[in-house]
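Peer 1: So the sequence lines, in the order shown, correspond to chains Z and P. For the first sequence, the residue numbers in numbering that gives the first Met the number 0 are 0 to 352. For the second sequence, the residue numbers in numbering that gives the first Met the number 0 are 0 to 352.
Read the hints as simulated data drawn from the structure, not as lab findings. Since this is a predicted model, take the numbers as computed values, not measurements. One or more hints might be untrue.
Below, simulated BS3-like cross-link-like pairs (lysine-lysine); rule was C-alpha separation at most 27 Å, straight line [claimed, not checked]: (1) Z:Lys-2 x P:Lys-2; (2) Z:Lys-2 x P:Lys-3; (3) Z:Lys-74 x P:Lys-3; (4) P:Lys-74 x Z:Lys-2; (5) Z:Lys-311 x Z:Lys-352; (6) Z:Lys-7 x P:Lys-74; (7) P:Lys-3 x Z:Lys-3; (8) P:Lys-3 x Z:Lys-200; (9) P:Lys-146 x P:Lys-215; (10) Z:Lys-352 x P:Lys-2; (11) Z:Lys-3 x P:Lys-2; (12) P:Lys-242 x P:Lys-200; (13) Z:Lys-200 x P:Lys-2; (14) P:Lys-75 x Z:Lys-2; (15) Z:Lys-3 x P:Lys-75; (16) P:Lys-75 x Z:Lys-269; (17) P:Lys-75 x Z:Lys-7; (18) Z:Lys-215 x P:Lys-146; (19) Z:Lys-275 x Z:Lys-7; (20) Z:Lys-75 x P:Lys-269; (21) P:Lys-2 x Z:Lys-74; (22) Z:Lys-146 x P:Lys-215; (23) P:Lys-7 x Z:Lys-74; (24) Z:Lys-75 x P:Lys-2.
Number of protein chains: 2
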Amino acid sequence: MAKKAIGKQSVSFEHPPIICGAGSVVGQKEAEGPYGTCFDLAEEDPKLDADSWEEAEGKMQKKAAELAIDHAGIKKDQLRYVVAGDLLGQLMATSFGLMSLELPLFGVYGACSTMGESISLAAVLVEGGFADYVLAVTSSHFASAEKQFRFPLGYGNQRPRAATWTVTGSGAVVIRSACAEEEDGVEKVFVEETGKKLCVKVTGITTGKVVDLGVKDSMNMGACMAPAAGEVICRNLEDFGRKPEDYDKIITGDLGLVGKDILIDYLRSKGVDIEKQYMDCGIEIYSEDQNIQAGGSGCGCSAVMLAGHILKQLEENKWKRVLFVPTGALLSQVSFNEGNSVPGIAHGVVLEK
Amino acid sequence: MAKKAIGKQSVSFEHPPIICGAGSVVGQKEAEGPYGTCFDLAEEDPKLDADSWEEAEGKMQKKAAELAIDHAGIKKDQLRYVVAGDLLGQLMATSFGLMSLELPLFGVYGACSTMGESISLAAVLVEGGFADYVLAVTSSHFASAEKQFRFPLGYGNQRPRAATWTVTGSGAVVIRSACAEEEDGVEKVFVEETGKKLCVKVTGITTGKVVDLGVKDSMNMGACMAPAAGEVICRNLEDFGRKPEDYDKIITGDLGLVGKDILIDYLRSKGVDIEKQYMDCGIEIYSEDQNIQAGGSGCGCSAVMLAGHILKQLEENKWKRVLFVPTGALLSQVSFNEGNSVPGIAHGVVLEK
Numbered sequence: 000m001a002k003k004a005i006g007k008q009s010v011s012f013e014h015p016p017i018i019c020g021a022g023s024v025v026g027q028k029e030a031e032g033p034y035g036t037c038f039d040l041a042e043e044d045p046k047l048d049a050d051s052w053e054e055a056e057g058k059m060q061k062k063a064a065e066l067a068i069d070h071a072g073i074k075k076d077q078l079r080y081v082v083a084g085d086l087l088g089q090l091m092a093t094s095f096g097l098m099s100l101e102l103p104l105f106g107v108y109g110a111c112s113t114m115g116e117s118i119s120l121a122a123v124l125v126e127g128g129f130a131d132y133v134l135a136v137t138s139s140h141f142a143s144a145e146k147q148f149r150f151p152l153g154y155g156n157q158r159p160r161a162a163t164w165t166v167t168g169s170g171a172v173v174i175r176s177a178c179a180e181e182e183d184g185v186e187k188v189f190v191e192e193t194g195k196k197l198c199v200k201v202t203g204i205t206t207g208k209v210v211d212l213g214v215k216d217s218m219n220m221g222a223c224m225a226p227a228a229g230e231v232i233c234r235n236l237e238d239f240g241r242k243p244e245d246y247d248k249i250i251t252g253d254l255g256l257v258g259k260d261i262l263i264d265y266l267r268s269k270g271v272d273i274e275k276q277y278m279d280c281g282i283e284i285y286s287e288d289q290n291i292q293a294g295g296s297g298c299g300c301s302a303v304m305l306a307g308h309i310l311k312q313l314e315e316n317k318w319k320r321v322l323f324v325p326t327g328a329l330l331s332q333v334s335f336n337e338g339n340s341v342p343g344i345a346h347g348v349v350l351e352k
Numbered sequence: 000m001a002k003k004a005i006g007k008q009s010v011s012f013e014h015p016p017i018i019c020g021a022g023s024v025v026g027q028k029e030a031e032g033p034y035g036t037c038f039d040l041a042e043e044d045p046k047l048d049a050d051s052w053e054e055a056e057g058k059m060q061k062k063a064a065e066l067a068i069d070h071a072g073i074k075k076d077q078l079r080y081v082v083a084g085d086l087l088g089q090l091m092a093t094s095f096g097l098m099s100l101e102l103p104l105f106g107v108y109g110a111c112s113t114m115g116e117s118i119s120l121a122a123v124l125v126e127g128g129f130a131d132y133v134l135a136v137t138s139s140h141f142a143s144a145e146k147q148f149r150f151p152l153g154y155g156n157q158r159p160r161a162a163t164w165t166v167t168g169s170g171a172v173v174i175r176s177a178c179a180e181e182e183d184g185v186e187k188v189f190v191e192e193t194g195k196k197l198c199v200k201v202t203g204i205t206t207g208k209v210v211d212l213g214v215k216d217s218m219n220m221g222a223c224m225a226p227a228a229g230e231v232i233c234r235n236l237e238d239f240g241r242k243p244e245d246y247d248k249i250i251t252g253d254l255g256l257v258g259k260d261i262l263i264d265y266l267r268s269k270g271v272d273i274e275k276q277y278m279d280c281g282i283e284i285y286s287e288d289q290n291i292q293a294g295g296s297g298c299g300c301s302a303v304m305l306a307g308h309i310l311k312q313l314e315e316n317k318w319k320r321v322l323f324v325p326t327g328a329l330l331s332q333v334s335f336n337e338g339n340s341v342p343g344i345a346h347g348v349v350l351e352k
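Same shape as in the complex, but just chain Z (with noise of 0.2 Å):
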């Protein structure tokens, strides 16, 4: 087997790359939210002055990678890579979002899995010697998703109490190599010097599955997405043989209220207990008194979270070790009015101090 790979869908880093820099924006609900002083920047504008909903988003995208980069301390020159991704179409925010940086591009999509899916490339092209930087990016926003998977804004549609709300925000991580070198039987590792105190390891990925249980429902993306996290959850505990006491946190993108129930039975059914470990991003980002129904949702919300809150209560010790692991819903228009279901996909990441 590949010498880096462990288990069934598993990769262990044996110099693990670190989270130098991390860069949050996020709409005006977002930044009204209990996690409001957490982010780097909050827009009140939610078009910020952009003539369409896709390029506000695209400017989102820019501005995190822009305040990524200067909190990592480095120049934009020496990202090696960027590993970008969002929801809509063509990957429009990213795009064009991301032109003006002029850095060579790998546009991945894995719905609201994204940022798991960007950090995991990054890490891996990191970690196997091919750059020093790379820059993972995604965001959403909510009146672009909403415009792209359900109804026009104008139209105020109803929304069910499964419903999630699309979290307007993106999130930025610059990912470097720690060089290491073997020496007397002891491990030393060499990290150059940034002179920014974000630290924090990359120690391996557990990468995900298309899980498909039939859900059609567009307005539960909570029970589509649970599955896929339940999968890469038992997998990931499998893969590196531990228990979920082993993690302080087990966090999962956007799987709401409904998604959390849902994923908690899942997992008390195959054995494995979570409850005291596991928090939903989509759960914390707004209070309930914010007309949110199950929850936040979309790329932006396990971003922003992990580059507002996560990688500072990690960098602040007050957590050792924790399982991110963002949630996607493959959900496109098309294949919704097409009549098929809404598979899941979710990649995990580990984060150690």
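We have chain Z; now place chain P onto it with these hints.
Peer 2: Chain P alone, transformed into the frame defined by chain Z:
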């Protein structure tokens, strides 16, 4: 600099990953073209007995994947990852088509450059020691692409001469690691026996940036993509210290007749003449009497030409070294309707016997 990185945008693989199996599935028009006999499978029914064009395209991906796995002489479960994407919003063909493979999936989007992107990432995963076997797949379908990007088929719109015809087809390759070892200063490369003949090395990659010269015509994608192709070809030659004649062929994905002229002129203006080595999959795949205007296009175009023709030429030693550059137009119906330009991206892959 990261040890495997060379120049500004390239990677040179120390132990080149090997393309050990390929599969190609095409529609009737492609089967009637000059390369018709090269493809593994030609579908007479463009809908493949499916309920929608999107589902049909997904079925083609699955068939191409199964052919590649079979030709590689491996079992599906030996694959560690699938890196795949398509042109449709939210990668519909990939998500639904490859679901039943039940393999960890990295979904990617690079418009028609996707085969270059997926091979690049598959090679990185394999050479970095993260996987022994990775599958790279992509597809396009004339009917699903027209529906996604332009007009309903029943509308029967006129096509300008600069328009290209989206290839109905899917190509897949299995990439495996070349386990290598240094012994007495002599490099010994061990490759496991798989019982199949295909053995083409991926010796390097050059990853492209988004390039936008402001072209807004979705019926002239050759013009949109040519500058991105030109940039990647220049960069590849510079990063590897090569001249055009160091390649037997420099092969773009789907520039078509208009894009070809722009590319050759663009490169000449930079002092690089590739006319002798140049080939474009889009120009090759159809004959002039097939009413395809400027040529073929779509992710499937370069993918089936790679699987059906290019790899065989290398395998048979007719070509020793090829620069394969799938080219993508970052177009969406929304960005187009909003009056945006169509930026291009291209990803280069160096293939050697």
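Peer 1: Hint by hint, say whether it matches the structure.
Peer 2: Going through the hints against the structure:
1. Z:Lys-2 x P:Lys-2: Given that 27 Å is the threshold and the Cα spacing comes to 18 Å, the pair holds.
2. Z:Lys-2 x P:Lys-3: Satisfied, since the Cα-Cα distance of roughly 18 Å is no more than 27 Å.
3. Z:Lys-74 x P:Lys-3: 21 Å, holds
4. P:Lys-74 x Z:Lys-2: 20 Å, holds
5. Z:Lys-311 x Z:Lys-352: 10 Å, holds
6. Z:Lys-7 x P:Lys-74: Satisfied, since the Cα-Cα distance of roughly 15 Å is no more than 27 Å.
7. P:Lys-3 x Z:Lys-3: It holds: about 17 Å lies between the C-alpha atoms, which stays within 27 Å.
8. P:Lys-3 x Z:Lys-200: 22 Å, holds
9. P:Lys-146 x P:Lys-215: Holds. Lys-146 of chain P to Lys-215 of chain P sits at ~19 Å (cutoff 27 Å).
10. Z:Lys-352 x P:Lys-2: Given pair Lys-352 of chain Z, Lys-2 of chain P holds - Cα atoms ~26 Å apart, limit 27 Å.
11. Z:Lys-3 x P:Lys-2: Distance of about 18 Å is within 27 Å: holds.
12. P:Lys-242 x P:Lys-200: 20 Å, holds
13. Z:Lys-200 x P:Lys-2: 21 Å, holds
14. P:Lys-75 x Z:Lys-2: Distance ~20 Å between Lys-75 of chain P and Lys-2 of chain Z Cα, so the pair holds.
15. Z:Lys-3 x P:Lys-75: 20 Å, holds
16. P:Lys-75 x Z:Lys-269: Roughly 26 Å between the alpha carbons, so the hint for Lys-75 of chain P and Lys-269 of chain Z holds.
17. P:Lys-75 x Z:Lys-7: 13 Å, holds
18. Z:Lys-215 x P:Lys-146: Within the cut-off at roughly 23 Å; holds.
19. Z:Lys-275 x Z:Lys-7: It holds: about 26 Å lies between the C-alpha atoms, which stays within 27 Å.
20. Z:Lys-75 x P:Lys-269: 26 Å, holds
21. P:Lys-2 x Z:Lys-74: Judged against 27 Å, a Cα distance of about 20 Å means the pair holds.
22. Z:Lys-146 x P:Lys-215: 23 Å, holds
23. P:Lys-7 x Z:Lys-74: Between Lys-7 of chain P and Lys-74 of chain Z the Cα gap is close to 15 Å, so the pair holds against 27 Å.
24. Z:Lys-75 x P:Lys-2: Holds: Lys-75 of chain Z and Lys-2 of chain P sit about 20 Å apart, inside 27 Å.
Violated hints: none; the structure is consistent with every hint.
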